[in-house]
Amino acid sequence: MLNVKTILFCAFILGGISQLNAQEDTSNYEEDYSIYDNLDYVDEGTKSFASAKISGISPARLISVGYDFQGSYDISAGGIGAFGPQTARVNSTQGLRIGANIPVISKNSLIVQLGGQIWDVNYDFNDPNSLTHPMLSALSNNNLTTLGLNSTIFKPLNETNFILVQLASDMNGDFDLSNFQAFKYNTYSAAAIWGKRPSDYKQWGVGLSRTYRAGELNYIPIFLFNWTSPTSKWGTELLLPARGHIRYTLNRQNMLFFGFELEGNSYKFDEGGISMANNLFTPVDDLQIRRSELRVRFQWQRKLIGFVWIALEAGYRNNYSFNVDEVPGGQDFYRGFFGDQPLAIENSLTNPLYFNVSFNLVSP
Amino acid sequence: MNTKFKLMKNLKITLLFAFASLFSFGLFAQDEADLLIGVWEPSHGKAKVKIEKIGSKYYGKIVWLKEPNDPETGKPKVDKNNTDESMRSTPLRGYRILKDFEYTDKKTWTEGTIYDPENGSTYSSTIKMKDENTLDIRGYIGVSALGRTDVWKRLQMPSKKK
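Listed in order, the protein sequences are those of chains A and B. Under this note's numbering, think of the first position of the first sequence as 1, with each following residue one higher. Under this note's numbering, think of the first position of the second sequence as 1, with each following residue one higher.
Calculated directly from the structure, the hints in this document are not laboratory data. All figures in this text were calculated on a predicted structure; none of them were measured in a lab. No residue lacks a Cβ here, since even glycine has one placed at the ideal position from N, Cα and C. Do not rely on the hints blindly, as some may be mistaken.
Unchecked claim - Think about it this way: if two alpha-carbon atoms lie no more than 30 Å apart in a straight line, the pair counts; the simulated DSSO-like pairs of lysine-lysine are:
hint, chain 1, residue 1, chain 2, residue 2
1, A, Lys155, B, Lys46
2, B, Lys107, A, Lys202
3, B, Lys99, B, Lys77
4, B, Lys107, B, Lys57
5, A, Lys155, B, Lys57
What the hints assert, rightly or not - If you anchor each label on the Cβ, the simulated ranges turn out as follows:
hint, chain 1, residue 1, chain 2, residue 2, range
6, A, Asn158, B, Lys130, 26 to 34 Å
7, B, Thr113, A, Pro230, 41 to 49 Å
8, A, Tyr316, B, Asp105, 53 to 61 Å
9, A, Ser169, B, Gly55, 51 to 59 Å
10, B, Gly55, A, Tyr316, 56 to 64 Å
11, A, Phe359, B, Ser56, 22 to 30 Å
12, A, Asp43, B, Asp105, 57 to 65 Å
13, A, Asn251, B, Gly55, 47 to 55 Å
14, A, Gly339, B, Glu85, 32 to 40 Å
15, A, Ile118, B, Glu85, 55 to 63 Å
16, B, Asp31, A, Asp40, 18 to 26 Å
17, B, Ser89, A, Tyr316, 26 to 34 Å
18, A, Asp40, B, Ile37, 15 to 23 Å
19, A, Ile118, B, Ile37, 45 to 53 Å
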């Protein structure tokens, strides 16, 4: 006959076994680490994949909030239609730069990141009331804004080879956030790289890109080369021709860089003034500033607290392009080296010093 | 009287089964939690990590390094990137990089942290077992969305030396 004593006895035995199991401490067995030298995977079919990073590379930014400032310089705007050329002094060009890059798929066999950015460029003219050229007036009245979405896809093919794809769409122009410009004027950029990661200290790749970094639409080959010395003190982070830096690591929370970045895009601006004036001549429509600058710079990246890093950079902003093209209906064209499409306005800029500060939440 | 006796007997049998089921479930959950114990290789292949159980929590220490010596000093690698200066001479081999994981359910361990010796940062972390030989280890900052998942593969347990 079953009674309460039997039940309690069973409970005691079972409970005791459970308790013994919970208190098992396996921390002190085996300190001879040589036994771990040659261990096979339990799953024989296990595949290894190339990592997206190399040892010693600067941390990726999940969220970034920055401020960019260029010192004074001159803009010489070329004539268009009824408007003659005009040169104007810009006291400064500055603006906020906010960006985010969030991994949405993060596996050994595939990494997909989605990102977005808002960049603002404000032109502070020395004497805005004297501006008669419609492009200069447009720049004085409205900021140039970029709203962008992008995605980065890293697909390792095996232990050493990988494919890297970057896609981006940007709305660029002198619109404001309460009155967006039409999507048909968005620019679309893409890059695809096939690469190798022969060691933890080196990765390289070659590929093709469709880019607006030179201001106007371009199709160019690209070259990736990230390298870290065995001591981790020196390294390179190159994605040519877009950017290239030499890295010196003081320690893993404190790094110095020297290099350059080619930065640019194509910005639609309000050409109302030009169109009105040109009713007497020929109508112009859908003008875009092909803005591109080569920034030669020093950069200092340092961990501030927790996962927040500060990046301070200073250098020389060298104008590469500030010309204006007519892009009717946003239907862009490729001029390349041999195209003979005429420029709508031919501009030139002198070159100032600049600095940039940003606070960044860095990725694990 | 006879009916009352039968009722009592049935009640005792029911209770016995209930207790037995409860403890069996406890043991089963315990077994499932301990599936985490073993030697694992992170995706970068630069280390092997042995996960063990201390008390009711799970910890993981580096037991093997692909590059055991620091190229700069020629000596065994130490935790030189640690933000705590007093830890910078601690050898990396034997270093606990996974700490305080507790089994929740559905082959998931939470409440833990993972330390990255490459940058000296410690991240919040959860572990999910995709199958008995594969772990998804996620390190994140604050919220899980701000993080990265690494896949670790189980290695054969070494035979103990006598």
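Here is how each hint holds up against the structure:
1. With a CA separation close to 20 Å, the supplied pair Lys155/A and Lys46/B stays within the 30 Å bound.
2. The straight-line distance between the Cα atoms of Lys107/B and Lys202/A is roughly 36 Å, outside the 30 Å bound, and the hint therefore fails.
3. Taking the CA atoms of Lys99/B and Lys77/B, the gap is about 21 Å. The hint holds against a cut of 30 Å.
4. A threshold of 30 Å between alpha carbons decides the hint, and for Lys107/B with Lys57/B the separation of about 14 Å falls inside it, so the pair holds.
5. Between the alpha carbons of Lys155/A and Lys57/B the distance comes to roughly 35 Å, so the proposed pair goes past 30 Å and is violated.
6. Under the hint 26 to 34 Å, the C-beta atoms of Asn158/A and Lys130/B, about 20 Å apart, miss the expected range.
7. The hinted window of 41 to 49 Å between Thr113/B and Pro230/A is violated, with their beta carbons roughly 29 Å apart.
8. With their beta carbons about 59 Å apart, Tyr316/A and Asp105/B fall inside the hinted range of 53 to 61 Å.
9. Roughly 52 Å separates the CB atoms of Ser169/A and Gly55/B, a value that falls within the hinted 51 to 59 Å.
10. Checking the proposed 56 to 64 Å range against Gly55/B and Tyr316/A shows it holds: the Cβ atoms sit about 60 Å from each other.
11. One distance hint, 22 to 30 Å for the beta-carbon pair Phe359/A and Ser56/B, is violated here, with the actual separation near 40 Å.
12. Taking the beta carbon of each, Asp43/A and Asp105/B are about 24 Å apart, not inside 57 to 65 Å as hinted.
13. Checked against the hint of 47 to 55 Å, the pair Asn251/A and Gly55/B fails, with Cβ atoms roughly 35 Å apart.
14. Distance hint check: the CB atoms of Gly339/A and Glu85/B are about 60 Å apart, inconsistent with the given range 32 to 40 Å.
15. In this structure the hint that Ile118/A and Glu85/B lie 55 to 63 Å apart at CB is violated, the actual value being about 40 Å.
16. Distance hint check for Asp31/B and Asp40/A: the Cβ-Cβ separation is about 24 Å, which falls inside the suggested range of 18 to 26 Å.
17. Between Ser89/B and Tyr316/A the Cβ separation comes to about 43 Å, which falls outside the hinted range of 26 to 34 Å.
18. Take Asp40/A and Ile37/B: their Cβ atoms lie about 18 Å apart, and the range 15 to 23 Å holds.
19. In this structure, Ile118/A and Ile37/B meet the distance hint of 45 to 53 Å, their C-beta atoms being roughly 48 Å apart.
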